[in-house]
Structure formats: structure tokens, C-alpha cells
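S.K.: Take these sequences, add in the hints, and give me the full structure.
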Amino acid sequence: MRPATLFKFVLAVVLLLAVAAIAAAKSVNTERYKAVMIERVRAATGLTMVFAGPVKLRLGLAPRLSVTGLGLSVPGAVGDPPLLFVDRIEARVGLLPLLFHQFRTERLLLIRPTLHLDPATAPAAAAALAGGTGRLALDRVGDEVPATRFALGEVELKDATLLWQAAPDRPEIRVTLAKGRIRPESIEGGPMTLEAKGAWSGTEFELAGVVGPAPIRPGQRPFPVRLKGTISGAVVVARGGIADPVTGEGLEIDLDARGDELRDLLLRTGLAAAPAEGGSTAPIGPYKLSTRLTGSAGAPSLANVDLLIGKHDTLLVKARGKVAAPLDAAGIDLAVTAEADGLTGPGRLLGLALPASGPVRLSTRLGDDGPGRWRLAGLKAQIGGSDLGGDLTLSLGTARPRLTGKLTAATLSPADFGLDPARLLDTSAAPPRPAVAVPDQRLLPNDPLALDPLGAVDLDLALAAARLPLGGTALTEAQAQLRLADGHLALSGLTARLGGGTLTGSLALDASERVPGFTLHLAGSDLDLGRIGNGFPFDGGRADLALDLRGRGATPRLLAASLDGSVQAGLTGTGLLAATAGGVPARLLTALDGGSGDEDPIALRCLAARITVRNGIARADRALAVETPRAAILGGGSLDLRSEVLDLVFAARGGGSLHLHGALATPDLGAEPNPPAHPAGRAAPPARVTIDPAPCRAVLGRH
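Mind the numbering: the sequence shown is residues -23 to -1, 1 to 680 in mature numbering (1 follows the signal peptide of the UniProt record, and there is no 0), read in order.
Hint data in this document are derived by calculation from the structure and do not stem from the laboratory. Possibly wrong hints are sitting among the right ones.
Stated by the list, open to error - EDC-like cross-link-like pairs, simulated, lysine to aspartate or glutamate; straight-line CA separation at most 16 Å:
| id | residue 1 | residue 2 |
| --- | --- | --- |
| 1 | 265 | 238 |
| 2 | 299 | 283 |
| 3 | 357 | 305 |
| 4 | 205 | 241 |
| 5 | 33 | 64 |
| 6 | 295 | 305 |
| 7 | 299 | 229 |
| 8 | 205 | 231 |
| 9 | 205 | 221 |
| 10 | 383 | 316 |
| 11 | 288 | 310 |
| 12 | 156 | 131 |
| 13 | 299 | 238 |
| 14 | 299 | 310 |
| 15 | 33 | 8 |
| 16 | 288 | 238 |
| 17 | 205 | 181 |
| 18 | 299 | 237 |
| 19 | 205 | 233 |
| 20 | 288 | 229 |
| 21 | 299 | 233 |
| 22 | 135 | 233 |
| 23 | 174 | 149 |
| 24 | 288 | 316 |
Unchecked claim - Pair by pair, the computed Cβ-Cβ distance ranges are:
| id | residue 1 | residue 2 | range |
| --- | --- | --- | --- |
| 25 | 355 | 592 | 48 to 54 Å |
| 26 | 589 | 492 | 22 to 28 Å |
| 27 | 183 | 366 | 43 to 49 Å |
| 28 | 500 | 387 | 32 to 38 Å |
All C-beta atoms in this analysis are idealised placements derived from N, C-alpha and C, irrespective of residue type, glycine included.
M.R.: The following block contains the structure:
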């Protein structure tokens, strides 16, 4: 046969096949086809299919099937948006199969598909899928509807959207795909190559990998998954399989994720809210996670978790264990360790100005204890010079983090946590001083108290410490209940020992108002003054004391100016360290007891004081007593804390008297004027009254 004749024969056959295919296509009843599709999809998936527009078959050598508006809904969901809605579907249909009255889709394009998932629809959709057969059977559907085979050469998505809301009170997460493609190894099937580019809450990501082929009989190996994605500097790799890719059951996938900065990932993916004005924006640091994802897509769990976050100069956290329900932050069982060079780094992460302290080491077992609650069991921590142990509960579902539980320590130093009373006088955060200095010789500063950290967290802790350092003093066997809520700080049930003596008391501080309030009750019996370190002006001895003070003020100066209450103290068997106490007390004692002036310490048999405070004025009506081996001395007068002005008179039994007056920072010491001209309200000079041979006993025994 000549070539020209062969060519004409082939052309005639092709034309004949095309005419036959077109004739077959024209015989398709699209309305009946839609009805059958709805029925078979419901049987296979349990979902309701809705056609919002027409189904058309465009004829030609490359026939195309188009569907305008296709939705899948959960049965019974009325008024809710469909689970899945596609604006338009275009499918390339095989020409030759049409001759045999069959549809064979070779390429599928989904334009603007939108998938809605939330806590209500996701379980309902999973239940519907579980109730279906899982197999879409369209090979035998009747004479009016052609059999359909899905031999996909490629599936492409354009402008796809996934909307996910974990809870009604949480923001909606939006994942968009500008372009996505699924391409099988061949038109007959095999492993499928995935490619996707899109954005998660405005953050661009890319995804690539290979999945499949899908299992076709029970017992076949799981549907394999090998994927790699990048988002906001993070790289995530998934390797493993899924037993049922349709329902998402039987997950067995190893996950590895790592990146340079965790805060960027959390903020850009919407998993964490942007900080409020003035909030912390400090970097958290790099992160690395490896885990095994098991369970199902609706109820996943994480096994063999190995997590590393941060760095030493801020906070380095390591965690190992499992998470039964990561989507709900439940079922957590992790062994956690944390390390930092000091509290400054963790403080920056929390937006708090914490002291540098020393190295921080912490280990605990972290578990969930209900919604928003976490257990820290078997806690062991070293912060600076303090070491702690116990069990705590952290609650994050309230306005402020709340920490409750019990802590014990061999050494517990409040200064390591920024709770040293001396830090309340910290002026580092105070407003700048005026350019022109104002002369001020007063001792009490007028800068705001550093109380802001008290509003950052709530506490309810039972504390016990074998050793409790406070400045130069170290109390032992200390116990107390510490409560902090909404800026109200209370330290109740305080008991401690100083040597063989006992100290009890309570402290309350209300920092919730513009003007803070303060209350202190303290009682001590047989306290060993030899246990107090450098800077204390007395050389050993024993002491009894009772303090009952209250006041209000935003600065130390204003607080002192508002004080009310009483102070009573008695010291025995001690000595005044002249070099530490300053020149004025030593000169006063030397002048009244006839000493040489070279003694240091100056021996004291006892010292007693009984002082009342009203509206910032401290008064002692013949209630300041000192006994030395050579003299008995009685004093009285006032100290105006509002102006820091002294007006005291001291007299020795059978001897002279001295007048201590002027500014507290630079007082004057001189002879009592004769005749005395005492201002109204000042106590009568002790030199004009009878002085008891034992004035200390008289002062402390007087009510």
C-alpha cells in the first residue's frame, strides 16, 4: 500500500473516532450524571455533594468537563458554610474512552477551593467519613450515565484557601495556596509528587515531596509520606506513612523541625499574639524539634518528643517526653530542663526587669492539669545562691500567670529573685533628675518604689528555708505563706530563728492603687545579734523587739511621712561599734558616761526604746534608755519623719545632759540650754526628772 493511501486511511479512522466520540459525548445526560455522583459520593464519604451551577462537556479532540460551583457539606449542618466549596472545576477527558461510553479524567484543575475546619465541623466530617465505604464506585452506573475512571495525570489547585479555628475565642488561621500541584509517577498511578506555594496567616511557605501510592487492599503497607516545607526561616521534614489517607487514621510520621528564631515563627504564623505596647519583643532564640506523629488527623499525638529552644544568654530549654493531644495542649508528659546565665534573660522574655543574680538551673516533670493549667512535679532549681525544690502548678488561663504550690530550700535568698526589700528603693527606673540639682540632704529618697513587677504574676506559695539571707543577716528555719494577687502582696505566718531566738510576723503591701499601702507586724524574742553581719552598729548581744507599723506612699520619703504605729526594742550584753555607728552616737555616750573616747566598742549593759508614731512623727516620752558600766542614761523627744528633723534630750543619772537636734543626716550635739526653751509638744528634759538606777527596765516595763 502506497504511503499516501495509508495516510488517507489513518486520517479517515481518526475522523471516524472523533465523530463517534463526539456522538457518545452528546448522549451523556449531565443531570442524571450529577444525581448519580451525589448518591455515590454520599455512600463513599458520608458527605453531601451540592452542585451550585451547571455541568458542561466541551467537545473536541481534547474534550473538557467543567463544573461551576461544587460543594461538600456535613449532613445536618444547616446555615454553616460547606466543608469544601470549589468555585470551578475543569477536567481534561480522554477522547478514546468516550468511544466506549466511559469518562476518563486525565487532568483536574480546581479553581478557588475553600476548606472550612473548626471544632464543630472537623469531628462531624471525620464521623461522616468513618461512616462511608471509603471507595467511590463509578464503574457501573447504568446506560444513561457513563462509567467514570480517575486516571489522573495531574491535579492542580489555584488560589486555594484553608480556614481553621481551634476554638470560638481564638483567631481564625488562614492558609492560602497561590499554586499547588499533585503529579503521579504515571497516568496509571504510582508515587505522587507534591508542590505548593502559599501563605500561612500572611507568611509565605513552600512545600515539596512525594506521597503514595495509596494502598488498594487491606493489610497493604501504609500510604507513604516524604515531605519538606519551609516557613519563616523554619525547615520541617516529615517521613513516614498513613494507614488510611482518606480519613487520616493511622499516622506514623517522623517530624523534624528547626529554625533560627522561634518568636518570628510564632508571630508570623499567628500562633502567638503580637505583644502589647511596651511588651516584650526580646528574641527567644533558635529551636529544634524531633518527634513521632501518631494517632489520627483529628486526634494526633506526639511521641518521642525531643525539643531544644533558646540559648544560654536568654533561656535554654530542653524537653523530652510525649504529648497526647497537642492541638488542645493536653496529655503532656515532658521532662524539662532550663538553663540561663541569670534571671535577666528570662526576665526580658517576660517583659520584667529581674536582677542579674547568678546561673539559673531548673529541672522538673511538666504535665497538664486541666485547661490552661500545668503541673511542675519534682521541681529542682538553683537560682544564684538559692536552691529550691517542690511541686508547683502554673495557670495560664487567667489575666496573669498564677503560680501555686510548696517550695522548700536549703538556702532561699530573696535578693536572687529581686524581692530583697532594698530593691524597693531602686531608682534605676525613676524619671531623670532635673538638669539643675536641688540641694537635698535628706536620707530617705523621694524616687518611686520599684513595685511594677508585683502586677505581672499571681503567687500562692508555701515557703520553707533552712537558711534565709536578708542583707547582712541570715535567718534559719524560716517558714511563711507568700500570696500575691492583683498587686496585693501578703507574707503571713512568718516564723524564723536568729540564733536561739525566734522571730514572727507578717507583711502586707498593696501596690494596686496609685498610692501603695504598707503594713508590718514583727516580733522577736531573745534574738542573737552576733549573727548579724557587717554594717550592724552593735557588737553581739541579745535583743527583743516588737514592731507594728503602717503607712501609705509612692516613695520611701512619702511612706515614712505617713507612718503610724509603735516600735519597742531592748538590747542586752552588747556594745556600740563607734566606727560603724558614726561619730554622734559615740560622742553622746562618751560625754554622758565619762568614758575616755578611745573605746570601740563602747560597752553597753542594755539599750531600750519605746516609740509611738503618729502621722509621721515618732515620739519617745522619756522612753530612750542606755546603761553602761559607768552610767544610767535616759532620753526623750521626737523625730519628724516628714522633714527628718531630730529634737532629743539625753541626761545621765547624777550627771549632765545633752541636746541632739537638727537634720537627721547632719545632727548637732550640744549642751541643754538653761533655762530650757523647749517647743510645745516636746518631752520634758530627762535631766529635770528622777532617773531610775535601771532605766532600761523602767522603759520596757512602762505601759
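S.K.: Run the distance test for residue 135 versus residue 233: straight-line Cα separation, threshold 16 Å.
M.R.: violated (29 Å)
S.K.: Hey, residue 357 versus residue 305, does the alpha-carbon distance stay inside 16 Å?
M.R.: The hint is violated at about 27 Å.
S.K.: Holds or violated: are the alpha carbons of residue 33 and residue 8 at most 16 Å from each other?
M.R.: holds (10 Å)
S.K.: Going straight from one Cα to the other, do residue 205 and residue 231 come out at no more than 16 Å?
M.R.: Given pair residue 205, residue 231 holds - Cα atoms ~12 Å apart, limit 16 Å.
S.K.: Given the proposed pairing of residue 288 with residue 316, does the C-alpha separation stay at or below 16 Å?
M.R.: Measuring from Cα to Cα gives roughly 8 Å; hence the hint holds.
S.K.: Holds or violated: residue 288 and residue 238, Cα atoms, limit 16 Å.
M.R.: holds (11 Å)
S.K.: Verify the proposed pairing of residue 299 with residue 310, using a straight-line Cα cut of 16 Å.
M.R.: holds (5 Å)
S.K.: Tell me if the straight-line CA distance from residue 205 to residue 181 falls inside 16 Å.
M.R.: Holds: residue 205 and residue 181 sit about 14 Å apart, inside 16 Å.
S.K.: Holds or violated: are the alpha carbons of residue 288 and residue 229 at most 16 Å from each other?
M.R.: violated (31 Å)
S.K.: Evaluate the given range 48 to 54 Å for the C-beta pair formed by residue 355 and residue 592.
M.R.: holds (52 Å)
S.K.: Does residue 265 pair with residue 238 here, judged by a C-alpha cut-off of 16 Å?
M.R.: holds (10 Å)
S.K.: Are residue 205 and residue 241 close enough, with their CA atoms no more than 16 Å apart?
M.R.: violated (20 Å)
In summary, the numbered hints that this structure violates are 3, 4, 6, 9, 10, 11, 13, 18, 20, 22, 23, 28.
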